[in-house]
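Quick note, the sequences are listed as chains A and B, same order. All the letters of the first sequence, read from the start, carry residue numbers 1 to 788 under my numbering. All the letters of the second sequence, read from the start, carry residue numbers 1 to 265 under my numbering.
Hints may contain errors.
[Unchecked claim] Partner residues aside, some chain B positions facing chain A, computed with beta carbon under 7 Å:
| # | residue |
| --- | --- |
| 1 | PRO177 |
| 2 | PRO179 |
| 3 | ALA180 |
| 4 | SER181 |
| 5 | MET241 |
| 6 | TYR247 |
| 7 | VAL254 |
[As the list claims (entries may be wrong)] In silico contact screen, one side only, chain B against chain A (beta carbon under 10 Å); selected entries:
| # | residue |
| --- | --- |
| 8 | MET1 |
| 9 | GLN3 |
| 10 | GLN40 |
| 11 | ARG41 |
| 12 | ARG182 |
| 13 | ASP240 |
| 14 | HIS242 |
| 15 | ALA243 |
| 16 | SER244 |
| 17 | GLU246 |
| 18 | ARG248 |
| 19 | ALA250 |
| 20 | LEU251 |
To be clear, the hints were calculated from the coordinates, so they are not data collected in a lab. Everything numeric in this text was worked out from a predicted model, so none of it was measured. For every residue, glycine included, the Cβ atom is placed at its ideal position computed from N, Cα and C.
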Amino acid sequence: MNAIDAKKATGIGASVPRKEDFRFITGNGHYTDDICRPGQAYACFVRSPYAHATVDDIDFADALAAPGVILVLTGKDVAADGLGGLICGWLVHSKDGSPMKTGAHPVLALTHVRYVGDHVAVVIAETAAQARDAAELVDVSYGELASVTAVSGAQAPDAPQVHPEAPRNTCFEWELGDKAATEAAFNNAAKVVSLDIANNRLIPNAMEPRAAVGEYDKGTGVYTLYTTSQNPHVARLVLSAFVGVAPENKLRVIAPDVGGGFGSKIFIYSEETVCVWASKKVGRPVKWIADRSESFVSDAHGRDHQTHAELALDANGKMLGLRVKTKANLGAYLQLFSASVPTYLYATLLSGQYDLPAIYCEVDGVLTHTAPVDAYRGAGRPEATFVIERLVETAARELGEDPAEFRRKNFIRKFPHQTPVIMAYDVGDYEASLNEACRMIDYANFPQRRREAEARGMRRGIGFSAYIEACGIAPSAAVGSLGAGVGLWESAEVRVNPTGSVEVLTGAHSHGQGHETTFAQLVSDRLGIPIESVEIVHGDTDKVQFGMGTYGSRSGAVGMSAIQVALDKVIAKARKIAAHVLEAGEGDIVFENGHFTVAGTDRGLAFAELALQAYTGHKFPTSEIEPGLKETSFYDPTNFTFPAGTHIAEVEIDPGTGVVKVIKFVAVDDFGNIINPMIVEGQVHGGVAQGIGQALLENAVYDPDTGQLLSGSFMDYCMPRADDLPSFDVGVTVTAAPSNPLGLKGCGEAGAIGAPPAIINAITDALGVRDIAMPVTPERAWRAANGL
Amino acid sequence: MYQFEYHRPKTLDEVTALLARLESPKILAGGMTLLATMKQRLAAPSDLIDLQDVTGIAGISVDAKNVTIGAMTCHHDVASSKDVAKAIPALAYLAGRIGDPLVRHRGTIGGSIANNDPSADYPAACLGLGATIVTNSREIPADDYFRGMFETALKENEIIVKIVFPIPQGAAYQKFPNPASRYAMVGVFVAKTAAGVRVAVTGAGPGVFRMTAMETALAKNFSAAAIDGITAPVEEMLQDMHASSEYRAALTSVMAKRAVAGVSA
Ligand SMILES: Cc1cc2nc3c(=O)[nH]c(=O)nc-3n(C[C@H](O)[C@H](O)[C@H](O)COP(=O)(O)OP(=O)(O)OC[C@H]3O[C@@H](n4cnc5c(N)ncnc54)[C@H](O)[C@@H]3O)c2cc1C
Chain A
1 MNAIDAKKAT
11 GIGASVPRKE
21 DFRFITGNGH
31 YTDDICRPGQ
41 AYACFVRSPY
51 AHATVDDIDF
61 ADALAAPGVI
71 LVLTGKDVAA
81 DGLGGLICGW
91 LVHSKDGSPM
101 KTGAHPVLAL
111 THVRYVGDHV
121 AVVIAETAAQ
131 ARDAAELVDV
141 SYGELASVTA
151 VSGAQAPDAP
161 QVHPEAPRNT
171 CFEWELGDKA
181 ATEAAFNNAA
191 KVVSLDIANN
201 RLIPNAMEPR
211 AAVGEYDKGT
221 GVYTLYTTSQ
231 NPHVARLVLS
241 AFVGVAPENK
251 LRVIAPDVGG
261 GFGSKIFIYS
271 EETVCVWASK
281 KVGRPVKWIA
291 DRSESFVSDA
301 HGRDHQTHAE
311 LALDANGKML
321 GLRVKTKANL
331 GAYLQLFSAS
341 VPTYLYATLL
351 SGQYDLPAIY
361 CEVDGVLTHT
371 APVDAYRGAG
381 RPEATFVIER
391 LVETAARELG
401 EDPAEFRRKN
411 FIRKFPHQTP
421 VIMAYDVGDY
431 EASLNEACRM
441 IDYANFPQRR
451 REAEARGMRR
461 GIGFSAYIEA
471 CGIAPSAAVG
481 SLGAGVGLWE
491 SAEVRVNPTG
501 SVEVLTGAHS
511 HGQGHETTFA
521 QLVSDRLGIP
531 IESVEIVHGD
541 TDKVQFGMGT
551 YGSRSGAVGM
561 SAIQVALDKV
571 IAKARKIAAH
581 VLEAGEGDIV
591 FENGHFTVAG
601 TDRGLAFAEL
611 ALQAYTGHKF
621 PTSEIEPGLK
631 ETSFYDPTNF
641 TFPAGTHIAE
651 VEIDPGTGVV
661 KVIKFVAVDD
671 FGNIINPMIV
681 EGQVHGGVAQ
691 GIGQALLENA
701 VYDPDTGQLL
711 SGSFMDYCMP
721 RADDLPSFDV
731 GVTVTAAPSN
741 PLGLKGCGEA
751 GAIGAPPAII
761 NAITDALGVR
771 DIAMPVTPER
781 AWRAANGL
Chain B
1 MYQFEYHRPK
11 TLDEVTALLA
21 RLESPKILAG
31 GMTLLATMKQ
41 RLAAPSDLID
51 LQDVTGIAGI
61 SVDAKNVTIG
71 AMTCHHDVAS
81 SKDVAKAIPA
91 LAYLAGRIGD
101 PLVRHRGTIG
111 GSIANNDPSA
121 DYPAACLGLG
131 ATIVTNSREI
141 PADDYFRGMF
151 ETALKENEII
161 VKIVFPIPQG
171 AAYQKFPNPA
181 SRYAMVGVFV
191 AKTAAGVRVA
201 VTGAGPGVFR
211 MTAMETALAK
221 NFSAAAIDGI
231 TAPVEEMLQD
241 MHASSEYRAA
251 LTSVMAKRAV
261 AGVSA
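Construct the entire structure; sequences and hints are all you get.
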């Protein structure tokens, strides 16, 4: 294949089949459970059966005596070794200026357990079965205490307390926006629309459960941790600098193939901490693989907001102001991003796509006796979109206006646009996505379809969602000023081999996104080399110098931008070398389709020939130009990116049973430029499936009296399946992002953000009700349909 | 899972001998329920006696009067049997709606009705058609067999050998699946039999039960309209995080009407 064909077939914009799929589909992936180290032992965690209890005594003599048991460790051992607790990497302040309040998050419980599934002790044995058998023999004396699992009531003065450091279980009382201006807007309003909105709690359920193998090398003193992480460098940083397991230079973290994360594998949990710490104590590698039941109780959950929201409108239906009061359930301990998700990742998006002059948002972060709540696909933005899009739809209906027209009237049309909640939108064309979505779903003929459905005894409804999100997190200075403990740049290293093949080392991590394909497409496109000659290396702190990992749809906009900058540097150096080798002025060297040529001549070098010259160093002065061809970039974005679009759902409801069927789902998204349309469409499909899951099926339910997780298996926690979903119609509109060199915005979360309000707006339209709670189970729809 | 011994006998006699001899044995059929329970450490039999090689307890035979299904016949075989589809299409239909393809290829009719999960499908067919459960020691009419949640008339170590379903004039099954587990949240089996109309409901209550009020109404006038307004008693229905008893009761009526409308003969 010549270079021009390569660019077409595997460059930017081509739907290249995923390079990684062959190994996944043929069972040749290397997941953490596939990693077996010589002599490895197995860990099993003793978990709290209570939502809240004192740990009075742990008698593990019988466990220690059980067959195959090597060691039992408890919180006392953690304390004796001076390990720190798990941390939250984002500091949020309350309105009064005081820093957020919470208790320590011990690796293994010391005096109290604070949710069902909390870590009490670990048993390490020769086999996984022996570890599990022995874990049952650990006799823990608990003093059961009253618990609180829902935010409502958790802040009452007499509510059971999660941490003494956080009175009334209130971690922070945060605010954003201009309170006085917003009050004024409401005072001048011709109409105010308000809703009480719950955003249901979700459990991520990645296909691969969390896992870890810790290993200690006695000779070098180096620890190696293989784990299911979305950001291995951050894991290493936290485990060395904060938990103190090992110095950073003595800790290697490898995140091999990872089977889905959705946020839940960003965080640093007790289990991998224990595996790496205990590997030295037992002198053998220690492995732990979560089973599905453990995943349900101990993975960080998502969402769980209670919100009161009001929208102020003038007499012409123009939006004047938005006032939002949210109580966010944080769970029992703060995880890595817990404090940022319901604050800076949430309230900053409350302007939606609308020209809203005044916004004021208050968020109480509330601690409860439940699993920690942190980022889950969309992280704060689905919650914000749900609030604004439910309010907007409700307002349109109450004003008797067409919901599409009402949105058009209030859209932001001039860019850049500074919202009242920090964000400066750089570019967008919201009407273009809305119009395209209306066209694709044939909005004009909806009334006919509704009549036809009604003739069959069905109730049909249509619902819009015009979402916006902030991706490509994020400019380091910006997030630093908002409380982030790290900068959110990304690194890349492009290594050209002497034969002209290329390795790209990236700080992003792929756990389903297809980076090995899309990142290679960029290299193939820029260097004009076949995609097969490009290897994407990620997920190993020994190979990649540093990186912030993958979440928040950042790896295209930030991670690929870093690669782009490093490629620019490679090409710049290669040009210099070419000039010498071809005995021409540097300004006369043209690099096109993988060839360096002297302008106006037929003298040139293919990229591979140039690479060989770079490493042999025979034909250029190595005193002026260093030999070799390898460049690095630490790329810090200049702004967030703002993917936006319109999703429209059409549903039919059987009033006899309440079954809601999604008949059509149109998603039109503006993700900026697109590297691989097929992968982007796949990301939209997955996201929409999760969004429909939240709207109709998924719900994490704790028993209010006992604090037990009732939805603790797939028998009760309803994941969306193929037959729950229609065939999605996906469209795109494009405004290129100006804040990064590739014009990318990010597509990983849009579906999960856009879908829930579209579905709920369609259901409320079908049933003619003002509101209905997620998930819309058949019973909820049946009650609404029958006025019960 | 705890340690256990595994046995794979070839005859029913061997099975009974093992059952009599061993400490706390359990019969293993498809294992779809039993193995999951053992993995969760909720059951700890000393021995598993696998029935899969036992002769004479699997397979389907149909004559003029009855469809007879061996205990070890998997759901898929019933769902895909042309003979069953011809004689009692509602039974094949029901079997094809149990679980997923994996479950249907492993799970057995004997295991299903021995377990008698309150939301299992087969109990509705057995009770709705007035089947006879044949064990290694006796014949039990369905009306006497199902005794409420996970309770049956089986004595300790009694083995189901086959189930005999009388062929009805017409029958239909309507299942409202629990969205998560896909077991029946409410399933209604309606049959017009030689002995009269029978309506059996699974999923809704603490065990399969007959709706006699509907049967009486349908005996007079076999139409969906005839049972309009007849629902199962709310206070006897199950209630959980998925559905209230009120909703389950309402569904019994909706599903029954749809089943009646589906009975062609
Ligand atoms: C994911 C999943 C989904 C399912 N969905 C449904 C559904 O939608 N509807 C539904 O009805 N069922 C459903 N099931 C249950 C399944 O259909 C099986 O019927 C059920 O698991 C029992 O059958 P088995 O052959 O697997 O029995 P096993 O699990 O092997 O045994 C179950 C019990 O029956 C006893 N037993 C087995 N055979 C005999 C016998 N011949 N005589 C006496 N005792 C015996 C065993 O000792 C054990 O106590 C589902 C199961 C799973 C795992």
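Against the structure, the hints come out as follows:
no.: 1; hint: PRO177; verdict: violated, 10 Å
no.: 2; hint: PRO179; verdict: holds, 5 Å
no.: 3; hint: ALA180; verdict: holds, 4 Å
no.: 4; hint: SER181; verdict: holds, 4 Å
no.: 5; hint: MET241; verdict: holds, 5 Å
no.: 6; hint: TYR247; verdict: holds, 4 Å
no.: 7; hint: VAL254; verdict: holds, 5 Å
no.: 8; hint: MET1; verdict: holds, 8 Å
no.: 9; hint: GLN3; verdict: holds, 9 Å
no.: 10; hint: GLN40; verdict: holds, 8 Å
no.: 11; hint: ARG41; verdict: holds, 8 Å
no.: 12; hint: ARG182; verdict: holds, 9 Å
no.: 13; hint: ASP240; verdict: holds, 8 Å
no.: 14; hint: HIS242; verdict: holds, 7 Å
no.: 15; hint: ALA243; verdict: holds, 5 Å
no.: 16; hint: SER244; verdict: holds, 6 Å
no.: 17; hint: GLU246; verdict: holds, 8 Å
no.: 18; hint: ARG248; verdict: holds, 9 Å
no.: 19; hint: ALA250; verdict: holds, 7 Å
no.: 20; hint: LEU251; verdict: holds, 6 Å
Taken one by one, the earlier hints fail for this structure only at number 1.
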